[in-house]
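A.B. asks: Each chain, letter by letter, is given below.
6 protein chains.
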Amino acid sequence: MRYLKDYHDGDKASGIYMVKSKTSGVSKNGKPFENVTLQDKSGTIDCKIWDINDPGIDEFDKLDYVDIKGEITSFNNALQLNIRRARKAHEGEYDPADYMPVSSRNIDEMYSELKALIESVQNPSYKALLKAFFVEDEDFVKRFKKSSAAKSVHHGFVGGLLEHTLSVTKMCDYYSKAYPFLKRDLLLTAAMCHDIGKIYELSAFPENDYTDEGNLLGHIVMGSNMVGKKAAKVEGFSKSDLLQLQHCILAHHGKLEFGSPKTPALVEALALSYADDTDAKMETFKEILENNSGNPGWFGFQKFLDGNVRATR
Amino acid sequence: MRYLKDYHDGDKASGIYMVKSKTSGVSKNGKPFENVTLQDKSGTIDCKIWDINDPGIDEFDKLDYVDIKGEITSFNNALQLNIRRARKAHEGEYDPADYMPVSSRNIDEMYSELKALIESVQNPSYKALLKAFFVEDEDFVKRFKKSSAAKSVHHGFVGGLLEHTLSVTKMCDYYSKAYPFLKRDLLLTAAMCHDIGKIYELSAFPENDYTDEGNLLGHIVMGSNMVGKKAAKVEGFSKSDLLQLQHCILAHHGKLEFGSPKTPALVEALALSYADDTDAKMETFKEILENNSGNPGWFGFQKFLDGNVRATR
Amino acid sequence: MRYLKDYHDGDKASGIYMVKSKTSGVSKNGKPFENVTLQDKSGTIDCKIWDINDPGIDEFDKLDYVDIKGEITSFNNALQLNIRRARKAHEGEYDPADYMPVSSRNIDEMYSELKALIESVQNPSYKALLKAFFVEDEDFVKRFKKSSAAKSVHHGFVGGLLEHTLSVTKMCDYYSKAYPFLKRDLLLTAAMCHDIGKIYELSAFPENDYTDEGNLLGHIVMGSNMVGKKAAKVEGFSKSDLLQLQHCILAHHGKLEFGSPKTPALVEALALSYADDTDAKMETFKEILENNSGNPGWFGFQKFLDGNVRATR
Amino acid sequence: MRYLKDYHDGDKASGIYMVKSKTSGVSKNGKPFENVTLQDKSGTIDCKIWDINDPGIDEFDKLDYVDIKGEITSFNNALQLNIRRARKAHEGEYDPADYMPVSSRNIDEMYSELKALIESVQNPSYKALLKAFFVEDEDFVKRFKKSSAAKSVHHGFVGGLLEHTLSVTKMCDYYSKAYPFLKRDLLLTAAMCHDIGKIYELSAFPENDYTDEGNLLGHIVMGSNMVGKKAAKVEGFSKSDLLQLQHCILAHHGKLEFGSPKTPALVEALALSYADDTDAKMETFKEILENNSGNPGWFGFQKFLDGNVRATR
Amino acid sequence: MRYLKDYHDGDKASGIYMVKSKTSGVSKNGKPFENVTLQDKSGTIDCKIWDINDPGIDEFDKLDYVDIKGEITSFNNALQLNIRRARKAHEGEYDPADYMPVSSRNIDEMYSELKALIESVQNPSYKALLKAFFVEDEDFVKRFKKSSAAKSVHHGFVGGLLEHTLSVTKMCDYYSKAYPFLKRDLLLTAAMCHDIGKIYELSAFPENDYTDEGNLLGHIVMGSNMVGKKAAKVEGFSKSDLLQLQHCILAHHGKLEFGSPKTPALVEALALSYADDTDAKMETFKEILENNSGNPGWFGFQKFLDGNVRATR
Amino acid sequence: MRYLKDYHDGDKASGIYMVKSKTSGVSKNGKPFENVTLQDKSGTIDCKIWDINDPGIDEFDKLDYVDIKGEITSFNNALQLNIRRARKAHEGEYDPADYMPVSSRNIDEMYSELKALIESVQNPSYKALLKAFFVEDEDFVKRFKKSSAAKSVHHGFVGGLLEHTLSVTKMCDYYSKAYPFLKRDLLLTAAMCHDIGKIYELSAFPENDYTDEGNLLGHIVMGSNMVGKKAAKVEGFSKSDLLQLQHCILAHHGKLEFGSPKTPALVEALALSYADDTDAKMETFKEILENNSGNPGWFGFQKFLDGNVRATR
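Residue numbers (the numbering used here), protein chains in the order written: chain G, 1 to 313; chain V, 314 to 626; chain L, 627 to 939; chain S, 940 to 1252; chain U, 1253 to 1565; chain F, 1566 to 1878.
In short, the hints are calculated from the structure, not lab data.
We put the CB at the ideal spot given by N, CA and C, even for glycine.
There may be inaccurate statements among the hints.
What the hints assert, rightly or not - Taking lysine-lysine and the DSS-like style, the derived pairs with C-alpha atoms no more than 30 Å apart in a straight line are:
#1 S:K1168 with L:K859
#2 L:K856 with L:K777
#3 S:K1070 with L:K856
#4 U:K1491 with F:K1748
#5 G:K20 with L:K929
#6 F:K1851 with F:K1820
#7 S:K1242 with V:K568
#8 F:K1627 with G:K281
#9 F:K1820 with U:K1403
#10 S:K1066 with S:K1081
#11 G:K229 with V:K344
#12 V:K344 with F:K1851
Stated by the list, open to error - To list a few chain U residues with every Cβ distance to chain F over 12 Å, as calculated:
#13 K1274
#14 L1366
#15 K1367
#16 K1398
#17 T1463
#18 E1465
#19 N1467
#20 K1481
#21 Q1496
#22 K1507
#23 E1509
#24 S1545
Take these sequences, add in the hints, and give me the full structure.
C.D. replies: See the structure below:
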């Protein structure tokens, strides 16, 4: 399989790709055509079907897999694919995993790291809760490993939620050494659970969009609820331990205007909000650098930083 | 019993009052004294005990009831009570109800009005949920009737939560007639449940202060959780009905910066947030007018309105 | 007459429509064409004239009425009309009322409701003032009935100002029962007059755009002035009654940053600002729901609510 | 007469001063006393009457003139006057002008400067309007010369409104030379009229407090109204000239959040808002420097500048 | 040479112009073309090359000078140039000065005015510093005269920095007369130096874009540094004089959120920030008026003024 | 020596303490007294001298060391010392180090850790620069070790600047491992230099207040300048390395409104701003916890967190 990112201007294109979107248009001289976006794990490409009545063009829809032929041209410094042939592919002809953006790190390795951190938690209630989620709840584990951490901003890929959660948890582990007054068990438990609501806030790939529940309640409240229900099944889980853990989850966006219904009232909640924010911003900047990897100069105004940025030399 | 608001400069004071606070001081010439605030349902008065070693002055603490004697003087345009005798009263000598600020409206009448509104709800799930709280859950009913709607701002008195809830529900009932596109059942159910988390966010009178749970989770998330748990016991309560109801509760502060983790996404959530805000502001202005009832001029800058106000002529 | 909203992809179009706008373009291959927007009371449609030198295409301008022939196509999920013939229509061939968006409620019925509310005002000065505007001033009455309440946001149609004013006045009437400390006469008079400046702030339909006076002074100051001048003709109108009424008008946007030069200093001014804001937001949400009437899912980010919304199920 | 600012620690004080305020107190050991603030044009001094029943102490009230005797002490680095004798003075014993803060510049000289600037206006309508106010309206002239420009911040003294108006007008005159695209007649007329509403927004000295009209309408709207009424009496005053002038007055605070109901839409309105803001800030800084004239270091955080300041060396 | 602003619809175009930008495109029917922007001192024009393989079209790049032939058409109310022939011009065929926007005022006259103001400074250290920059440092003088004051907003043309600096300095000179408590030497020296960092923050014309140093440090810090280094070479320059001057430069944007690392702590720093802001806003409004010189109505919403504007009548 | 924090109500006090402040007062019954604050490394205590003419009370001033005798009382839940005897102590009687708040960590150990981190930097220019400051510049080293990181908020004690700098540098070291795209040499160099301007922004202990230079320029610009001057002495220090380092220092407050004249444009600048902010907030919360160490409940509203906080259980 040839990945989309490997095509160049002038290439002949052929292969099976996933249809991310499809809309109709009419050219300035009145002729109808179609805009298609194809996707694979390496990225996306804009396509045109100029002759929509060509018998070589099958009907197909968004999220279908199509076997296409065509040629690559360059338009406004971006590549474009003119589709000449399109055939809907059958299940079995392709592996869906090839068509979704995915973490550059190995998912199972990351998961093992996370489980080792669970083992390091001393408080038996917190440890039992973490195992109830990350070891014993198979449906949870399956979804957690595949979820992204966002629809489009940072960590928006398969395994993104795991990668972000692990990175935040490790940073909290560092904090617990640098600032010995932090309660490590509460902090690490909260770090591992802080975004678990996202597995239901966003639908699975390839759709990866907000669910109805996600839009109405949000992952912050959903995560707090999930912890509450799971803790009710852990014997001897004290109300105080639960409230402090739920508070850390509710407050992890740090400020009301960022969607937390409470500001951090415990130093662990404050620490978690810093780890979450730091990791999100580092990953966002990393993705900006990757998207501008060939640009030796300034990349232009970046909304999230309120300024212009460039790669360090 | 003589109410505190009925004393005038020069009066002899005597009777049993509740101790709201008590702190020690030392006068400028080095003599220790005590600052006491006494409370009954009509309000509070600042008191001094200049001779703290007088054998006629018993030991007493915050939240005790004391039988005092003394005289009323005027200090900086406010009354002050110099306590000459103080005796801790026994249970039975006083009725605690006389010592707490209380709604000026009859609590049982208001509760009957609320129950009549519950009867008018058509959706059987919502109706069953409301009855499960407001009719069948005796502990809930008892707490709900006695709660205040706030620690200090608007509706900060026994029955305040009921008064506010009824007023918001009736305004939503008006909205449902004026704007027929509103779903009345969802709107009225949400109105009646919007602040139920406050019965655990604040401790009971006479303390009426934030609980640990209230500080860590807040009444918005607590109310959403209470509805979720109660709905799980109502047969046939659909997930969609629950999510929409919980959303209205979560969004009822209208904006993230006011503590709602989600902004209103449904028109009923928006309507509820307006009814809640309107009633809170009307009551606040009413309390300002009452506190300045003898002032024919301007009352001075009011923080909540960002300006100076006066009574209408 | 066939309304624009009743056309479908593939239809032949013909009939007289109003020209809302007209601009020239040149296609990518260098050929000039024209963009036209046609309007009737049901809405608007984007049109193209690809052959501008065709003898069947008359010259016409913005705000003209033209009799057109052409066909409907679909472009990017929106309908487009390719105009093949265009003839300027003569007065008498069409009824301008068919070409302007108009309230869905009967204007005369609404006006009768408003006049009944005027009769319910007790204060003779306020009642005389209201009659001087809404009964005796024929030019005012004619303009008031036809005005919109806005250029484009809520109530932007013929009769919109009346519909909004009536709705706000009725909500204030509800408030005056729910909150007996409100002075009903002042509140209702202010409600009926709060937006009267809009009849000169915006030009009449079909233009419905800001006038020079509207841009320079704004409807808030203009309305306050109109009341001042009219009150000068009402015998015995006290200065205090006038100042309080003008204050309510000046403060009805509630905050300085929304264009009120004073924040509400009287409880009636505060109540009016809530009624105005509530009605505007309910109507805006209603219009969003109507514009997305076929959309079963989420409508996308709404600037005025700072979030995503959907219809309630 | 000895001015208050000329007293030192240890002096005997005697003379007639105006009573700015008077309140009662009770000392920590239970003895009543009185707090009095005396004022003359040089400033104010805090006073105490420790023996309120002394037969040498007459009854007197706020805004009375009293002939006092006592001694000056130093308390927390500020002077304090212990009053031993107090006699209410009769009209004729004192000249009220000696008891009000007053501009350091000669009022008649400033007024002559202003009238010369009126003569330089070319547009006959604007010139006639200015004369109708500043030359022909005797009551206006009398009030204008005596008004302050503020209750307490900058220019809060007799003649302050004139001093500020003249300074703003001269700066606008400078602008009209530096930026020839400015219409000098409009700009200077607007500059001279921009704050005329203040003569009714604030009551006359020595009270100098917001009037009912000032609180309800504000000087911005009041000034615009005054100009509208006066212009109606000037023959041939065009509507366009009036609207542009009123706009400049309404917009002179520059931003909605500073109380202007419209932002500057004309370049003269923008220029006026800069002249007004510049002069206000220069005078405020000047008053801070004068109030700290003996302080060689930093004066501490200044709210209006969001920082710490000091005198330039 | 015919200036771009003198072409009309239908004209034949020919002459040498500078290439401001050049990008490739593909038309809707699949044909590649090129977008070119040509510039001369009168402005810019959008151009198309429809036949990119025409042998009459030479290769050329951004910032080249090309001798073109083509015709002018009108597209969406703007002129467009269809290029039929293009030849790269040789140095000597054109004068670069003809291709850059330039101040409408004579640069040498303005510079003489500035030097006269330097002569009026009394403090020998400040005078020496100013001469070290504006008289003795030839490289500085050359750059300073040619720099713009901005990339795109106000004063974005050759000589713009000089024009702005002179205007600010003269306004400060006016202030020093109107407010005698200002230290004129400090104020004028700071005014002349306040934006000198811009000569390195922006690259020279025709590029006029942010340099690496400009993006990383900014002209405020760069100007403060330049003054520090130059002052070190002036004998007897006191530390106090330097700190006060550097403070004025650092604080000249007036507020932290506008990029000043310190708010004005000296009255001269405050005055400078007002002069800078006033001149920038006057020039910006002037440029808006010039860009809309044929528009008798309202120009539409202006971001920098948060409102709609028009020319004064 | 008995530390101030070890006194209890009723104790006799005696010993040598430093005078932090001293002001005069007059009691309500007219008697002058003195307010004194004494300080040692354990904290401060409020004191009164009721009999200021007692021959046993020597004259003394702010920053003197005095040998006092008196007794401890309790006033409004805080301890107060009534001074009966006061004698100015001679140098030699006391060790100033006992009277200044000081880091709880060993200063030399921390400094060794910092020097080890310098050794780990690979880039020879950065390493040379760091050594030029932290090893070779003896005056710098002496000041750096003793400076606080703030006047009053976090790390406001001797060694506080070193403690904060080391903590930020170690967190950056952690980041450089967790995010391998970070340039470790630039990041660690910037971390070690980010607050060096503070050694001149604040005067030395015991005064520890803003200097004139600190108020006028601020530690951000001062630190950038110090680096610029020192780098000029390091052979081969490239302009690019210098600009990137200075940028990190200038941008380390993260946002313009926090006093950085530039927002982070390099990912290392962003990382540094997060490390700085995280460490400051962790230390601030730690100090709040220490100041409330005996409080089992909620500590009350904390301005820096916009909410109420408590210790974790």
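A.B. asks: Does each hint hold? Answer for all of them.
C.D. replies: Evaluation of the provided hints:
no.: 1; hint: S:K1168 with L:K859; in the structure: holds, 15 Å
no.: 2; hint: L:K856 with L:K777; in the structure: holds, 26 Å
no.: 3; hint: S:K1070 with L:K856; in the structure: holds, 28 Å
no.: 4; hint: U:K1491 with F:K1748; in the structure: violated, 37 Å
no.: 5; hint: G:K20 with L:K929; in the structure: holds, 26 Å
no.: 6; hint: F:K1851 with F:K1820; in the structure: holds, 24 Å
no.: 7; hint: S:K1242 with V:K568; in the structure: holds, 29 Å
no.: 8; hint: F:K1627 with G:K281; in the structure: violated, 48 Å
no.: 9; hint: F:K1820 with U:K1403; in the structure: holds, 22 Å
no.: 10; hint: S:K1066 with S:K1081; in the structure: holds, 20 Å
no.: 11; hint: G:K229 with V:K344; in the structure: violated, 58 Å
no.: 12; hint: V:K344 with F:K1851; in the structure: violated, 37 Å
no.: 13; hint: K1274; in the structure: holds, 28 Å
no.: 14; hint: L1366; in the structure: holds, 26 Å
no.: 15; hint: K1367; in the structure: holds, 29 Å
no.: 16; hint: K1398; in the structure: holds, 23 Å
no.: 17; hint: T1463; in the structure: violated, 10 Å
no.: 18; hint: E1465; in the structure: violated, 6 Å
no.: 19; hint: N1467; in the structure: violated, 6 Å
no.: 20; hint: K1481; in the structure: violated, 9 Å
no.: 21; hint: Q1496; in the structure: violated, 7 Å
no.: 22; hint: K1507; in the structure: violated, 8 Å
no.: 23; hint: E1509; in the structure: violated, 5 Å
no.: 24; hint: S1545; in the structure: holds, 35 Å
Violation of the numbered hints given earlier is confined to hints 4, 8, 11, 12, 17, 18, 19, 20, 21, 22, 23; the remaining hints are satisfied by the structure.
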